[in-house]
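Undergrad: Spelled out from the first residue to the last, the chains are:
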Amino acid sequence: MDYKIQVSKLKLYYGDVLALKKISLNVQPNSVLALIGPSGCGKSTFLKTINRMNDLVDGVKIEGEVLIDGDNIYHPNIDVVMLRKRIGMVFQRPNPFPKSIYENIAYGPKIHGLVKKNELDDVVEKSLRDAALWDEVKDRLHTSAMGLSGGQQQRLCIARLLAVEPDVLLMDEPCSALDPISTMKIEELVTELKSNYTIIMVTHNMQQAARVSDYTAFFLNGEMVEYDETDAIFTRPQDKRTEDYITGRFG
Amino acid sequence: MVTTRQNYDNELTKLKQDLLNMGTCVSRAIKDSVTSLAQKDIELARQVIDGDDIIDKMQVDIEEKCMVLIARQQPMARDLRVLGTGLKITTDLERMGDHAYDIAKISLLIANQQLIKPLIDIPRMAGLAQKMVNDSLEAYVNLDIALAEQVCSADDEVDSLYQQMLRELLTYMMEDPRTISQATQLIFVARYLERIADHATNIAEWVIYLETGERVRMN
Ligand SMILES: Nc1ncnc2c1ncn2[C@@H]1O[C@H](COP(=O)(O)OP(=O)(O)OP(=O)(O)O)[C@@H](O)[C@H]1O
Ligand SMILES: [Mg+2]
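In order, the protein sequences belong to chains S and Y. Take 9 as the starting number for the first sequence in my numbering and just add one per residue. Take 110 as the starting number for the second sequence in my numbering and just add one per residue.
In isolation and in its complexed conformation, chain S is listed as follows:
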């Protein structure tokens, strides 16, 4: 089995502070990996090493390897813009551009020169359909994205990613600002999307991790304490710290 993502002995320093301590883990293609752990344990930092978003932060030093489809993404020859196109990211707060719904989706394919002008409509429709948003917005494509509800905005952000045809989706607490129904829609969507994408999702909601993910990694103080199939993590975790965290008994 070829792993989609292979992380080995990954260390990340913010200045002198070691924020990721030798993380090694492999991610299967077409699976959902949930990252869980208390605030400040390094989940977002880890996620951002997968698309090199940390490059943008001053004083960051990275050691170890991240391979995607076998290629080391920290190799000097890697085109970071192309990398971020392949590895899309969704954030905690939906961040649509202050433009129309249509423009939000069309923007990426246009700048990447992915489609001819007459194909744009199709790409917009397909992306919105894949993000389970089409029916709700098809009659208002040219109105501002800012007028959508939070849950719709989040799905718009996902549609915007899908339009540039990535193959990995990174999601950093994508539902934390959403109501239960929007949350369920995103969760359903994640489950649908995994047949075409590999997904890593940070969540503070244990039930969400249990519902949507195939694998779960528990982080604590920059360390990966336990990584296993989700079924195993939530029924018989091996490490006492994992057990305490997921059962809500963390002192």
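Think of the hints as simulated: they come from the structure by calculation, not from any bench. No experiment lies behind these values; they were computed from the predicted model shown. Possibly wrong hints are sitting among the right ones.
Said to hold, decoys possible - In silico DMTMM-like pairs for lysine to aspartate or glutamate, Cα to Cα no more than 20 Å straight-line:
(1) Lys202(S) <-> Glu237(S)
(2) Lys134(S) <-> Asp147(S)
(3) Lys248(S) <-> Asp118(Y)
(4) Lys248(S) <-> Glu323(Y)
(5) Lys125(Y) <-> Asp165(Y)
(6) Lys17(S) <-> Asp77(S)
(7) Lys17(S) <-> Glu71(S)
(8) Lys248(S) <-> Glu320(Y)
(9) Lys202(S) <-> Asp175(S)
To be verified - Derived CB-CB ranges, DEER-like:
(10) Arg249(S) <-> Gln183(Y): 14 to 22 Å
(11) Asp87(S) <-> Leu252(Y): 51 to 59 Å
(12) Asp268(Y) <-> Gln36(S): 44 to 52 Å
(13) Arg326(Y) <-> Lys30(S): 33 to 41 Å
(14) Gln183(Y) <-> Tyr21(S): 36 to 44 Å
(15) Gln183(Y) <-> Pro46(S): 14 to 22 Å
(16) Arg249(S) <-> Thr122(Y): 17 to 25 Å
(17) Met154(S) <-> Arg181(Y): 32 to 40 Å
(18) Arg94(S) <-> Gln183(Y): 29 to 37 Å
(19) Asn116(Y) <-> His212(S): 15 to 23 Å
(20) Arg114(Y) <-> Met154(S): 38 to 46 Å
(21) Pro46(S) <-> Thr321(Y): 23 to 31 Å
(22) His212(S) <-> Asn130(Y): 34 to 42 Å
(23) Ala180(Y) <-> Lys17(S): 41 to 49 Å
For every residue, glycine included, the Cβ atom is placed at its ideal position computed from N, Cα and C.
Assemble chain Y with the ligands onto chain S, guided by the hints.
TA: Here is chain Y with the ligands on its own, set in the frame of chain S:
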């Protein structure tokens, strides 16, 4: 340790206590049912029969508690295993209670008959089954895996006693057809005891699962 879920922990402790109370009642019912048979004690047999409703009610209460805790607390990991095994153990206990009831019914049926043979193997088998039940409950209280494994291996002995009794009673029936009616009842008793031992084994297996997260199949 300071726990962030004190109320929840109290509920889980209470659940365990309820299961133990139920176990104590069931163990008692098994003992009394066999005593009523051996001593032709109609009064005791009636007590066992009447007591079954209480045991059934305990099961319903425990199930209800487990369901409510699952709904309200969304248990994970060990907590989940505590509740999952709670549901299974209460079912095993309730079945054992039913078998004690069945045995007590047979006591009433044959209380005014001359026994076709002295009861030797049935009390022996009952003693073994009884010990398995008590040990499985003790293993549950103390999360004692070694004791749980002991319960599982004791089951073989009960099984072979059952086979032996079956052969013996068949011989009686073939030699003298007038014994058929009572011998059949005694075979039922042996069968119930054998089932009780199986349920005790199930409980022991659930204790092992509760403690290790691993499902074992001992019998
Ligand atoms: N740009 C930065 N400069 C310096 N330190 C940082 C920076 N970003 C994060 N950190 C530190 O690195 C550690 C990990 O932070 P990170 O944001 O990855 O945690 P997290 O697990 O995502 O937490 P949360 O659940 O609160 O989002 C924290 O101690 C944080 O303070
Ligand atoms: Mg974060």
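Undergrad: Next, verify each hint and record whether it holds.
TA: Checked hints:
1. Lys202(S) <-> Glu237(S): OK: Lys202(S) and Glu237(S) at ~16 Å, within 20 Å.
2. Lys134(S) <-> Asp147(S): The hint holds at about 15 Å.
3. Lys248(S) <-> Asp118(Y): holds (17 Å)
4. Lys248(S) <-> Glu323(Y): holds (16 Å)
5. Lys125(Y) <-> Asp165(Y): holds (17 Å)
6. Lys17(S) <-> Asp77(S): holds (17 Å)
7. Lys17(S) <-> Glu71(S): Judged against 20 Å, a Cα distance of about 7 Å means the pair holds.
8. Lys248(S) <-> Glu320(Y): Holds, because 13 Å separates the two Cα atoms, which is no more than 20 Å.
9. Lys202(S) <-> Asp175(S): Since the Cα atoms of Lys202(S) and Asp175(S) sit roughly 10 Å apart, the hinted pair holds (cutoff 20 Å).
10. Arg249(S) <-> Gln183(Y): 14 to 22 Å: holds (20 Å)
11. Asp87(S) <-> Leu252(Y): 51 to 59 Å: holds (57 Å)
12. Asp268(Y) <-> Gln36(S): 44 to 52 Å: Check passed, 45 Å falls within 44 to 52 Å.
13. Arg326(Y) <-> Lys30(S): 33 to 41 Å: holds (39 Å)
14. Gln183(Y) <-> Tyr21(S): 36 to 44 Å: holds (37 Å)
15. Gln183(Y) <-> Pro46(S): 14 to 22 Å: holds (18 Å)
16. Arg249(S) <-> Thr122(Y): 17 to 25 Å: holds (23 Å)
17. Met154(S) <-> Arg181(Y): 32 to 40 Å: Since the Cβ atoms of Met154(S) and Arg181(Y) sit about 38 Å apart, the hinted range of 32 to 40 Å holds.
18. Arg94(S) <-> Gln183(Y): 29 to 37 Å: holds (36 Å)
19. Asn116(Y) <-> His212(S): 15 to 23 Å: The hinted range 15 to 23 Å holds for Asn116(Y) and His212(S), with Cβ atoms some 22 Å apart.
20. Arg114(Y) <-> Met154(S): 38 to 46 Å: Given about 41 Å between the Cβ atoms, the range holds.
21. Pro46(S) <-> Thr321(Y): 23 to 31 Å: This hint holds: roughly 27 Å between Cβ atoms.
22. His212(S) <-> Asn130(Y): 34 to 42 Å: With Cβ atoms ~39 Å apart, the hint holds.
23. Ala180(Y) <-> Lys17(S): 41 to 49 Å: Since the Cβ atoms of Ala180(Y) and Lys17(S) sit about 43 Å apart, the hinted range of 41 to 49 Å holds.
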